[in-house]
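Protein chains: 2
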Amino acid sequence: MHTNLNWLTHATQALDETARNAAQTRQGQLTKPPGALGQLEALAIKLAAMQGREKPQIGQVHICVFAGDHGVAEEGVSAFPQAVTAEMVKNFARGGAAISVLAKQLGATLEVVNLGTASDTGELPGVSQYKLGKGTANFTQQAAMTESQLAAALQAGNDSAARAAASGATLFIGGEMGIANTTAAAALACALLDLKPQQLAGPGTGLDQAGVQHKAAVIQRALDLHGFLPSPASGRGAGGEGVLEALRRLGGFEIAALTGAFIGCAQRGIPVLVDGYIATAAALLAARIRPGAADWMMYAHRSAEPGHILMLEALRAEPLLNLGMRLGEGSGAAVAVPLLQLACALHNGMATFAEAGVQEKI
Amino acid sequence: MHTNLNWLTHATQALDETARNAAQTRQGQLTKPPGALGQLEALAIKLAAMQGREKPQIGQVHICVFAGDHGVAEEGVSAFPQAVTAEMVKNFARGGAAISVLAKQLGATLEVVNLGTASDTGELPGVSQYKLGKGTANFTQQAAMTESQLAAALQAGNDSAARAAASGATLFIGGEMGIANTTAAAALACALLDLKPQQLAGPGTGLDQAGVQHKAAVIQRALDLHGFLPSPASGRGAGGEGVLEALRRLGGFEIAALTGAFIGCAQRGIPVLVDGYIATAAALLAARIRPGAADWMMYAHRSAEPGHILMLEALRAEPLLNLGMRLGEGSGAAVAVPLLQLACALHNGMATFAEAGVQEKI
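As you go down the protein sequences, you meet chains A and B in turn. Per our numbering, residue 1 is the first one in the first sequence, and the count goes up by one each step. Per our numbering, residue 1 is the first one in the second sequence, and the count goes up by one each step.
Mixed in with the good hints there might be a few duds.
For chains that are exact copies, the list does not tell them apart, and a pair is met inside one copy or across any two.
Here are the simulated PhoX-like pairs of lysine-lysine, each with C-alpha atoms no more than 25 Å apart in a straight line [said to hold, decoys possible]:
1. Lys90 x Lys104
2. Lys134 x Lys90
3. Lys361 x Lys134
4. Lys90 x Lys361
5. Lys134 x Lys196
6. Lys55 x Lys196
7. Lys361 x Lys196
8. Lys196 x Lys90
9. Lys131 x Lys55
10. Lys90 x Lys131
11. Lys134 x Lys104
What the hints contain is simulated information worked out from the structure, not anything from laboratory work.
Isolated chain A (complex conformation) (with noise of 0.2 Å):
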């Protein structure tokens, strides 16, 4: 393993069961039929258990939104030209994103990470530039990343835990932008899941039929090279070695950047709400790179794209929402930030039996 990345090894935070035993006491008491609120009771219950407090409270919320260009892109795997990824770092900053107005309509801290895009953003207000490169290689060829643009990439999103952390955040959502980035988070998850392209390709920002067939031909041409050949009985996708050289050669420096912070919150006791489709990779990726990373991961949705299932079901994920969204940028896990306030409004505000003089079941 690179020096750089001993950070990985440390040690993710243990959840508190004292606090969730009693959380899930309390919902018991309330004035409800028991189970009536639904998954509602689960995250208060699971957020209890997260923060180690019998009544959890979500304060801050601290977005994070990574941008990173892709050599896989030249292969015409994307519905919109490679420009845009940096043109939209620009409009994330400008306040005219999706993530930027649900961050300001939620109150939420929102941060943008560019780890590299094609064409040069410039200094932007709000913008931490790392240039890693002008993307990454096209794994079609080559590696994505060497393994000093791999760590500065996890590194990057270590970092952004930190800053969360430090600014008492009680909630993480990690976003990204990428033009071609849903090819890379499907061949990750064909690496990491023995799977096949077609089950993973999706239409992305827009493709059509023959753009999602020629699409998955692009990530068996990866496989293929990369030596990751979908086989159920290969094993593939154990140990964090294995798992970190897949990302190298196959991922993309935000989706790098995201599993270091989801890896980075967990060590440091952050809940993440985890967003769609390649959120959901990064999050398969800090569970095998350290397992005790998936105690803190929440799901806010399924995306519209349809490989999607396929991750959350490997992650035992049961996502909040199924509203046909797709765009990334964080936007679904800022969508369900308040089904998470209202589920801890509803544990901590509602009356208990006793206090109602409210009759329990026959």
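Keeping the supplied structure of chain A fixed, place chain B upon it in accordance with the hints.
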């Protein structure tokens, strides 16, 4: 038709197609792949048509919880004793119920209308008392309501819609509380949709399998008594008079009030966010009595009550949430309010491609 019901024949407001088209055009210009915000896009466009402006806003939300008891409770169809209806009315007034907490969190207006409970609640702050009776009659033996009771309950709902309009509410949520009211709602859905009690009867607040079977048998007895014998060829359910008579015989005070409120909102041009199982039965009644009422309804969530999906399908509803909630009180609709707010914020606040200088699709 009862003379006090003449208001039911008044026309509902028309949606604004110009505003709808303007909003649709705007959605296509925002900096995101077309359709990438999924249902949030359709929601913003629908609200634009309802509010008659390209950029809709969710301002004041008016929540009214209608309570009433059900004579059919004596058949043992609920997991909770009938006294809980009145106890929960007190809990609403004191702020300890789920809907009280949600209304406070959302900054919504919450009013409680007690149409008639088996136990007297006494005067309570913020609770209107209609006292139509100590609950409905047991509809396995006679009609649930007299014509006067039905007219008064429908009017109580219309009164609430009028108060919402007077206060400038931009969204109406109707909630309910009434031990045994899933039995009444299921019986109504059977009558209106020509379905069998086994398809509509569910656990409600927590019946076991034997309890659900008993509930279905109770509903079948009521259908037999009142002549609503499901048959695919009967064509039952069309026409306002027949629907009102089904409501009188099989419904409940709070279900009739919800129905009146939904029609009253459509007549005044107030968008309605429909809650779960009981509220959807009322939405079905409202849409059958005044078909234009359906234009003003949005559906918040799919309830955990299994038969709910059948009502939603009949209404071609596309609910926003599916969180396994089954509490009633309007709680599922309240939880969905932030989705409407965020849909509007995105629609109104995002930059267009031209404004942001972002390139469109290849």
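Results for each hint:
1. Lys90 x Lys104: within (16 Å within a copy, 38 Å between copies)
2. Lys134 x Lys90: For Lys134 and Lys90, only the intra-copy Cα distance (16 Å) is at most 25 Å; the inter-copy one is 64 Å.
3. Lys361 x Lys134: between (63 Å within a copy, 22 Å between copies)
4. Lys90 x Lys361: between (57 Å within a copy, 18 Å between copies)
5. Lys134 x Lys196: neither (29 Å within a copy, 64 Å between copies)
6. Lys55 x Lys196: Answer is neither: 44 Å inside a copy and 44 Å across each miss the 25 Å cutoff.
7. Lys361 x Lys196: This pair counts as neither: shortest intra-copy Cα distance 50 Å, inter-copy 28 Å.
8. Lys196 x Lys90: Neither. Shortest intra-copy (36 Å) and inter-copy (58 Å) distances fail the 25 Å Cα cut-off.
9. Lys131 x Lys55: Result: close neither inside a copy nor across copies, 42 Å intra and 39 Å inter.
10. Lys90 x Lys131: within (15 Å within a copy, 61 Å between copies)
11. Lys134 x Lys104: neither (30 Å within a copy, 49 Å between copies)
Checked against the numbered hints above, the structure violates hints 5, 6, 7, 8, 9 and 11; every other hint is satisfied.
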